[in-house]
Amino acid sequence: MKKGSILIVDDEKSIVSSLEGILEDEGFQVISAKDGQQALQIIRGQNPDLVLLDIWMPGMDGIEALQAIKNLRADLGVIVMSGHGSIDTAVKATKLGAFDYIEKPLSMDSLLLTVKHALEQQRLLRQNVELKRRANKGENLVGESSRTLAVRKRVAAAARRDDPVMILGENGTGKELVARLIHRESGRRDAPFVKLNCSSLPAEDWKRVLWGAEGAASKEGEFTQGKLAQAEGGTLFLDDVEYLGPEIEAALARSLKSKTFTRAGRSETLPLDVRIMAATTKPWTRGDLVGNLSSEFLALFSSAPIQLPPLRQRKEDIPALVDHFLRELAEEYGRGSKEMDEAAMQILMNHDWPGNVKELQNILERIFITVPWARISREDIPAAIRKNPALAGNGSAWDGAQSLKDARRLWEREFIGYNLRRHRGSLAKTAGELGISVPSLEQKIKSLKIFVPRRGEFQPQRSLKRSVVLCGQGLHSGLKGGLILNPLPPNSGIHFGNITSGESIPALVDYVYSAEYATSLRRGVVIARTIEHLMAVLHMYGISNLLVKINDEVPIMDGSALDLCQLIEDGGVEEQGAEAEEIIVKETVTVGNPQNGGKHIRIEPAQTLSVTYILDYPRPIGHQEFTFTPCGVEDFKREIAPARTFGFLKDIEKLEQMGLGGGGRLHNVILVDEDRIINAPLRFPDEFVRHKILDVLGDLYLRGKRIRGKVTACMTGHADNVELVRRIGAAQL
Numbered sequence: 001m002k003k004g005s006i007l008i009v010d011d012e013k014s015i016v017s018s019l020e021g022i023l024e025d026e027g028f029q030v031i032s033a034k035d036g037q038q039a040l041q042i043i044r045g046q047n048p049d050l051v052l053l054d055i056w057m058p059g060m061d062g063i064e065a066l067q068a069i070k071n072l073r074a075d076l077g078v079i080v081m082s083g084h085g086s087i088d089t090a091v092k093a094t095k096l097g098a099f100d101y102i103e104k105p106l107s108m109d110s111l112l113l114t115v116k117h118a119l120e121q122q123r124l125l126r127q128n129v130e131l132k133r134r135a136n137k138g139e140n141l142v143g144e145s146s147r148t149l150a151v152r153k154r155v156a157a158a159a160r161r162d163d164p165v166m167i168l169g170e171n172g173t174g175k176e177l178v179a180r181l182i183h184r185e186s187g188r189r190d191a192p193f194v195k196l197n198c199s200s201l202p203a204e205d206w207k208r209v210l211w212g213a214e215g216a217a218s219k220e221g222e223f224t225q226g227k228l229a230q231a232e233g234g235t236l237f238l239d240d241v242e243y244l245g246p247e248i249e250a251a252l253a254r255s256l257k258s259k260t261f262t263r264a265g266r267s268e269t270l271p272l273d274v275r276i277m278a279a280t281t282k283p284w285t286r287g288d289l290v291g292n293l294s295s296e297f298l299a300l301f302s303s304a305p306i307q308l309p310p311l312r313q314r315k316e317d318i319p320a321l322v323d324h325f326l327r328e329l330a331e332e333y334g335r336g337s338k339e340m341d342e343a344a345m346q347i348l349m350n351h352d353w354p355g356n357v358k359e360l361q362n363i364l365e366r367i368f369i370t371v372p373w374a375r376i377s378r379e380d381i382p383a384a385i386r387k388n389p390a391l392a393g394n395g396s397a398w399d400g401a402q403s404l405k406d407a408r409r410l411w412e413r414e415f416i417g418y419n420l421r422r423h424r425g426s427l428a429k430t431a432g433e434l435g436i437s438v439p440s441l442e443q444k445i446k447s448l449k450i451f452v453p454r455r456g457e458f459q460p461q462r463s464l465k466r467s468v469v470l471c472g473q474g475l476h477s478g479l480k481g482g483l484i485l486n487p488l489p490p491n492s493g494i495h496f497g498n499i500t501s502g503e504s505i506p507a508l509v510d511y512v513y514s515a516e517y518a519t520s521l522r523r524g525v526v527i528a529r530t531i532e533h534l535m536a537v538l539h540m541y542g543i544s545n546l547l548v549k550i551n552d553e554v555p556i557m558d559g560s561a562l563d564l565c566q567l568i569e570d571g572g573v574e575e576q577g578a579e580a581e582e583i584i585v586k587e588t589v590t591v592g593n594p595q596n597g598g599k600h601i602r603i604e605p606a607q608t609l610s611v612t613y614i615l616d617y618p619r620p621i622g623h624q625e626f627t628f629t630p631c632g633v634e635d636f637k638r639e640i641a642p643a644r645t646f647g648f649l650k651d652i653e654k655l656e657q658m659g660l661g662g663g664g665r666l667h668n669v670i671l672v673d674e675d676r677i678i679n680a681p682l683r684f685p686d687e688f689v690r691h692k693i694l695d696v697l698g699d700l701y702l703r704g705k706r707i708r709g710k711v712t713a714c715m716t717g718h719a720d721n722v723e724l725v726r727r728i729g730a731a732q733l
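The sequence shown begins at 1 in full-length UniProt numbering and counts up one residue at a time.
Where hints are given, some of them may not hold.
Unchecked claim - Think about it this way: if two alpha-carbon atoms lie no more than 20 Å apart in a straight line, the pair counts; the simulated SDA-like pairs of lysine to any residue are:
#1 Lys3 <-> Glu26
#2 Lys315 <-> Leu272
#3 Lys207 <-> Arg147
#4 Lys104 <-> Glu20
#5 Lys710 <-> Glu625
#6 Lys34 <-> Gln67
#7 Lys444 <-> Phe415
#8 Lys465 <-> Lys710
#9 Lys207 <-> Ala253
#10 Lys586 <-> Gln607
#11 Lys116 <-> Asp552
#12 Lys429 <-> Pro354
#13 Lys104 <-> Val16
#14 Lys710 <-> Pro605
#15 Lys586 <-> Ile436
#16 Lys465 <-> His623
#17 Lys282 <-> Ile436
#18 Lys358 <-> Glu433
#19 Lys13 <-> Gly59
#20 Lys116 <-> Glu433
#21 Lys705 <-> Val722
#22 Lys446 <-> His423
#23 Lys70 <-> Leu96
#24 Lys282 <-> Leu168
#25 Lys207 <-> Ile248
#26 Lys599 <-> Glu516
To be verified - Pair by pair, the computed Cβ-Cβ distance ranges are:
#27 Leu682 <-> Val438: 51 to 59 Å
#28 Gln443 <-> Asp190: 48 to 56 Å
#29 Gln67 <-> Asp352: 55 to 63 Å
#30 Asp109 <-> Cys631: 47 to 55 Å
#31 Ser610 <-> Pro58: 56 to 64 Å
#32 Arg161 <-> Asp635: 32 to 40 Å
#33 Asp323 <-> Pro594: 41 to 49 Å
#34 Asp109 <-> Glu176: 49 to 57 Å
#35 Thr500 <-> Ala407: 49 to 57 Å
Just so you know, these hints were derived from the structure itself, not from any lab. Glycine included, every Cβ here is placed at the ideal spot set by N, Cα and C.
Could you put the whole structure together from the sequences, leaning on the hints where they help?
Right, here's the structure in full:
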């Protein structure tokens with residue numbers, strides 16, 4: 001069975017012949033071309049899986065050919081070969097999208113390993129696309145309970161009609177899923193489904209968001225299409241519809257009745273063909289309007305609303321949901337399947353699931369990521385679920401209650417506190433969620449002694465909105481490897497996973513096995529090396545939950561963190577409902593000897609995080625000192641992220657003797673000789689000390705929580721940083 005087809009593009013017949021023999025022996029199908037033009041013809045007709053491309057060829061050279069190949073097929077992996085290599089050529093090829101750059105004479109072992117990595121990266125990219133396609137296609141209501149069957153009937157009936165639909169249900173019951181199912185089964189299935197979260201609709205800008213704007217009426221003169229126009233021919237889904245204001249409701253009702261709208265900055269009316277679906281957590285009957293919605297707006301919804309049952313009312317569906325989610329997770333993460341034993345399933349069946357199906361899905365994903373074995377037992381269930389008050393004999397949060405009245409008071413206090421945290425201390429939003437007035441909420445806060453977080457104090461957990469991929473060169477192997485970032489649900493933490501095996505390691509100080517030249521993790525046979533730059537970026541962006549898939553090593557890119565910052569921004573940062581915990585340093589912790597300027601790192605109590613680093617080397621580095629106080633991501637991107645890794649030639653030689661830096665290409669490291677900087681102009685006069693701060697910020701995040709304290713370091717490395725983090729943990733305990 002062929003492993004894949006590889007196109008060799010080289011005008012030297014001897015090299016082509018040698019490569020053909022080696023690759024065919026390894027099971028690859030090989031095609032060859034003598035120049036760029038012939039290669040483009042072959043790619044159009046035969047669709048190879050990978051290209052080996054020589055730089056120096058007659059006619060169209062390798063760089064031009066690479067650019068043409070990427071214009072023709074952006075997804076096609078290209079490995080560039082050159083017998084006259086230079087850093088400039090390698091950088092240019094990488095920027096144009098080459099997977100790797102290798103120099104002649106070729107080491108066949110290294111070449112085969114690079115080919116393997118490139119094909120694996122291609123497979124993962126295709127797999128991600130396929131998973132997204134399947135995820136969109138596979139949306140469905142899971143379960144056979146009477147309540148679920150009743151919802152299915154309502155969905156089928158709504159799909160046959162074309163009138164507005166109101167969907168009711170608690171958070172996490174699947175209101176958006178039901179709306180998407182109705183759209184998918186309706187006559188509008190081939191047109192867009194557009195979601196608008198009404199709770200985040202800007203009061204001063206709602207016309208532009210809904211109807212769009214152009215010309216002078218738009219922001220900075222840019223055309224804005226608007227949600228209604230985006231949904232033309234399809235469905236506009238209004239989530240949290242109770243947050244619409246009276247003015248918006250009236251205008252929207254008029255547009256839907258007349259089937260026309262006017263975009264700001266344009267005088268003529270435009271046709272409108274959109275079906276409206278709306279969702280709310282509020283109860284609704286004909287005599288009890290949802291929130292503050294007007295009768296004029298509610299009159300649009302002539303059919304009875306679809307009421308979704310909470311999970312506690314259809315617990316018989318839990319085993320089917322568990323099986324469904326575990327199978328989905330196995331496919332998504334490329335791992336073997338897992339199953340739930342009877343005792344673990346009973347715990348899930350007994351839990352009340354206040355967050356409904358969404359909470360169950362998040363818990364299962366967290367278990368799937370963190371539990372290495374195939375059979376999930378009672379001990380693998382998070383403690384908060386195991387200690388459900390409904391489970392007799394396990395102890396619970398109600399242990400202090402002496403009566404039903406006490407228990408009810410404790411529950412009310414916890415429930416109100418949860419909603420206050422979820423709405424970041426907003427009394428108005430919390431009261432609206434609970435269905436009570438703000439004065440009533442204030443009274444309960446006072447009588448139940450509930451802590452109300454100020455808006456600035458609540459820090460939500462964060463993940464990415466979508467998966468993203470980056471390719472880069474490793475410091476240890478010298479080969480390019482894949483870096484895939486996948487979002488994780490709240491309370492999962494940061495994990496490094498192996499692309500091939502799917503096994504993972506929590507990004508925690510307990511798993512650090514080496515901190516000599518870089519910070520590296522190990523659990524069993526799974527290794528994650530050179531994690532500090534990525535951890536610094538995750539620290540500064542406040543990413544709490546993420547799966548990082550790598551081939552043993554995080555790519556070092558250009559030696560700085562800039563590409564990693566861009567990767568996070570490409571994925572988009574998403575705030576999650578849970579609160580991000582913070583470590584507040586209460587006493588000074590020191591590693592090393594600070595007397596007489598000795599090597600040390602110290603953290604002491606402070607209101608915010610700050611890092612001061614002192615370097616004292618001979619020329620050309622000399623004495624450098626810098627203090628960084630994070631005031632936002634932009635400060636980090638401007639002052640710290642651009643600073644690159646540096647190394648002394650004597651240390652580089654030692655690294656190569658140890659098998660590190662084995663690729664032999666160290667242009668992504670600032671090389672320092674005894675009296676000069678060899679290979680790159682500096683980005684800052686004090687770039688060296690700024691990079692040391694980047695390392696500290698990464699290592700400080702090995703507790704998975706932000707740390708509040710004043711850090712001072714002098715001539716320390718990763719091992720000292722890691723020891724400080726260990727001692728901070730011990731001091732907190």
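Practice item. Of all the hints given earlier, name the ones this structure violates by number, lowest first. Key: 2, 3, 8, 15, 16, 20, 32, 33
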